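Peer 1: My request is simple: use the sequences and hints to build the entire structure.
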Amino acid sequence: MIQAKNIYLSYDDNKYIIKKGNFSIRPKEFIFIGGNSGSGKSTLLKSFYGEIPLKHGSLKIDNQEVFGIRGKKLRVLRKDIGIIFQDYKLVNEFTIEENIMIPLKINGYSNEVSKDQANKLLKHVKLSHRAGYYPNELSGGEQQRVAVARALAHNPKIIIADEPTGNLDDYSAEVVWNLLKGANEQLGITIVVVTHRVPKNLGIKFRQLSLEDGIIYEVS
Amino acid sequence: MKFLKNIFAFFIPLLAMLITFSIYLLIDNVVDSYKQKISSDYSIVIITNTPLIKDNINELAGIRVDKIQTLQKDKIINNIKSNLSRTSIDLLKRKLPHFYQIYLDSFPTSTQLAKIKDTLLQNKNIRKVEVFSKDHNQVYLLLVLLNSISFILFFIITIFAIIIIAKQIKLWFHEHNTKIAILRLHGASILYSASSVLNYAIISSLFAFIFASAFLYYISNNITVLFPVELYDIINVHIDINFALVKIFVLSFCISIFTIIGVLLRYKIQND
Numbered sequence: 001m002i003q004a005k006n007i008y009l010s011y012d013d014n015k016y017i018i019k020k021g022n023f024s025i026r027p028k029e030f031i032f033i034g035g036n037s038g039s040g041k042s043t044l045l046k047s048f049y050g051e052i053p054l055k056h057g058s059l060k061i062d063n064q065e066v067f068g069i070r071g072k073k074l075r076v077l078r079k080d081i082g083i084i085f086q087d088y089k090l091v092n093e094f095t096i097e098e099n100i101m102i103p104l105k106i107n108g109y110s111n112e113v114s115k116d117q118a119n120k121l122l123k124h125v126k127l128s129h130r131a132g133y134y135p136n137e138l139s140g141g142e143q144q145r146v147a148v149a150r151a152l153a154h155n156p157k158i159i160i161a162d163e164p165t166g167n168l169d170d171y172s173a174e175v176v177w178n179l180l181k182g183a184n185e186q187l188g189i190t191i192v193v194v195t196h197r198v199p200k201n202l203g204i205k206f207r208q209l210s211l212e213d214g215i216i217y218e219v220s
Numbered sequence: 001m002k003f004l005k006n007i008f009a010f011f012i013p014l015l016a017m018l019i020t021f022s023i024y025l026l027i028d029n030v031v032d033s034y035k036q037k038i039s040s041d042y043s044i045v046i047i048t049n050t051p052l053i054k055d056n057i058n059e060l061a062g063i064r065v066d067k068i069q070t071l072q073k074d075k076i077i078n079n080i081k082s083n084l085s086r087t088s089i090d091l092l093k094r095k096l097p098h099f100y101q102i103y104l105d106s107f108p109t110s111t112q113l114a115k116i117k118d119t120l121l122q123n124k125n126i127r128k129v130e131v132f133s134k135d136h137n138q139v140y141l142l143l144v145l146l147n148s149i150s151f152i153l154f155f156i157i158t159i160f161a162i163i164i165i166a167k168q169i170k171l172w173f174h175e176h177n178t179k180i181a182i183l184r185l186h187g188a189s190i191l192y193s194a195s196s197v198l199n200y201a202i203i204s205s206l207f208a209f210i211f212a213s214a215f216l217y218y219i220s221n222n223i224t225v226l227f228p229v230e231l232y233d234i235i236n237v238h239i240d241i242n243f244a245l246v247k248i249f250v251l252s253f254c255i256s257i258f259t260i261i262g263v264l265l266r267y268k269i270q271n272d
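Protein chains in written order, with the working numbering: chain A, 1 to 220; chain B, 1 to 272.
Since the hints were made in silico from the structure, they are not lab data.
On a predicted model such as this, the values are computed, not experimentally measured, just so you know.
Certain hints may be false.
Unchecked claim - Cross-link-like lysine-lysine pairs, in silico, PhoX-like; alpha carbons within 25 angstroms at most:
{"hint": "1", "chain 1": "B", "residue 1": "268", "chain 2": "A", "residue 2": "73"}
{"hint": "2", "chain 1": "A", "residue 1": "205", "chain 2": "A", "residue 2": "181"}
{"hint": "3", "chain 1": "B", "residue 1": "2", "chain 2": "A", "residue 2": "89"}
{"hint": "4", "chain 1": "B", "residue 1": "268", "chain 2": "A", "residue 2": "55"}
{"hint": "5", "chain 1": "A", "residue 1": "46", "chain 2": "B", "residue 2": "268"}
{"hint": "6", "chain 1": "A", "residue 1": "181", "chain 2": "A", "residue 2": "79"}
{"hint": "7", "chain 1": "B", "residue 1": "167", "chain 2": "B", "residue 2": "2"}
{"hint": "8", "chain 1": "A", "residue 1": "72", "chain 2": "B", "residue 2": "268"}
{"hint": "9", "chain 1": "A", "residue 1": "115", "chain 2": "A", "residue 2": "89"}
{"hint": "10", "chain 1": "A", "residue 1": "60", "chain 2": "A", "residue 2": "28"}
{"hint": "11", "chain 1": "A", "residue 1": "120", "chain 2": "A", "residue 2": "89"}
{"hint": "12", "chain 1": "A", "residue 1": "20", "chain 2": "A", "residue 2": "5"}
{"hint": "13", "chain 1": "B", "residue 1": "93", "chain 2": "B", "residue 2": "128"}
{"hint": "14", "chain 1": "A", "residue 1": "60", "chain 2": "A", "residue 2": "72"}
{"hint": "15", "chain 1": "A", "residue 1": "73", "chain 2": "A", "residue 2": "55"}
{"hint": "16", "chain 1": "B", "residue 1": "170", "chain 2": "A", "residue 2": "72"}
{"hint": "17", "chain 1": "A", "residue 1": "89", "chain 2": "B", "residue 2": "170"}
{"hint": "18", "chain 1": "B", "residue 1": "5", "chain 2": "B", "residue 2": "167"}
{"hint": "19", "chain 1": "A", "residue 1": "89", "chain 2": "B", "residue 2": "268"}
{"hint": "20", "chain 1": "A", "residue 1": "79", "chain 2": "A", "residue 2": "28"}
{"hint": "21", "chain 1": "A", "residue 1": "79", "chain 2": "A", "residue 2": "115"}
{"hint": "22", "chain 1": "B", "residue 1": "37", "chain 2": "B", "residue 2": "67"}
{"hint": "23", "chain 1": "A", "residue 1": "55", "chain 2": "A", "residue 2": "72"}
{"hint": "24", "chain 1": "B", "residue 1": "268", "chain 2": "A", "residue 2": "79"}
Peer 2: In structure tokens form, the structure reads like this:
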């Protein structure tokens, strides 16, 4: 699903944040990427959806080379990925139902189909009663559940989550982990989560990668 | 209310530009009507040694030659033929030069007429040039000046309008930056991501077009608001309102769309 060969990432040419990155993620895997603050976890994740361009190496997502990707190819790649951010990144001008409809509309689904799917997902994340609410009318935990629903909406092959529970209380965090676990187990979606705190008792088989001084290690 | 406030900064410069364009169209129409009215108030007659070919004289003093009409010699001969023998008449017919009257595409000023005369006399085939004209010079020149001023004004306002419109679009982009970024992260095209900005621009353009059309319609039916009543005594001002509205519509949307494309391209280059 994801294959990285000798990848280098940096914001400028002077200092590499990721050096000689080599790893592979198989389909339907649940992966945690850990490491200290500033170790480059989020940067690595951003490179998966082309937000940070690769300096060297090869990164393939579902057989699509990400190195040098731009324009239409980048848009197609992003359409196949579900993304969850620590700060939710919901559109404040849209209701939560409309927020969930975003990837569906971008993928060309009709308004009716998108609305139906959004309502199913709102039910799944137990927020049906708030369909017409705007993001700033919801709690952080509820907003992150909307973000998870949005990431699942178009049935992506892979979901990338950057510290999805970083701003949440324990109860909300558990709800989010359960949603991601369900997506992996029931829908077979590959999940890649960046976090500095791997949840205990997740109840699912997962693999862990760690970042230290720009080097990616496999945690046994 | 918030929506109206949002489109105000786009709508006002666009409307100012369209109203200036409407005024320019009106003045242009007045000048054209006046030109038509005085178009027959001049005459250029030339006498040539050999028959004249129209293709050789296409333009005079920058004005297109509309037609060259041959003046029949028979009239001249008829006036004097009672005193001449048949042989003399035949000889005269052969020896008489050729007479032509030149019609131009638009009314020439006195300076242009003088220039036309000089140009024609440089042609060795032309023996004589006679120019007759009524003096419309002052009124005509004033109208042409007014037309030029209104066009220059329209041009300057258009430049300022485009600058203000571009700034407003950038401001909208800034306001919707988060939304655009989120949509782009989900694989949306720049056009889709910026659809709210495009909607603002299209609605503003539509409003500006409606207001400018209403202005033109009112002015064309009440021309004395812009021009003195006496104008009706001199010329018959008739405006093809439908064609003028099409021009205003095209201008309104072209300016908006081209400015948006410019800003979008810049945004795309900076963010891709």
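Peer 1: Of all the hints numbered above, which does this structure not satisfy? Sort the numbers upward.
Peer 2: none
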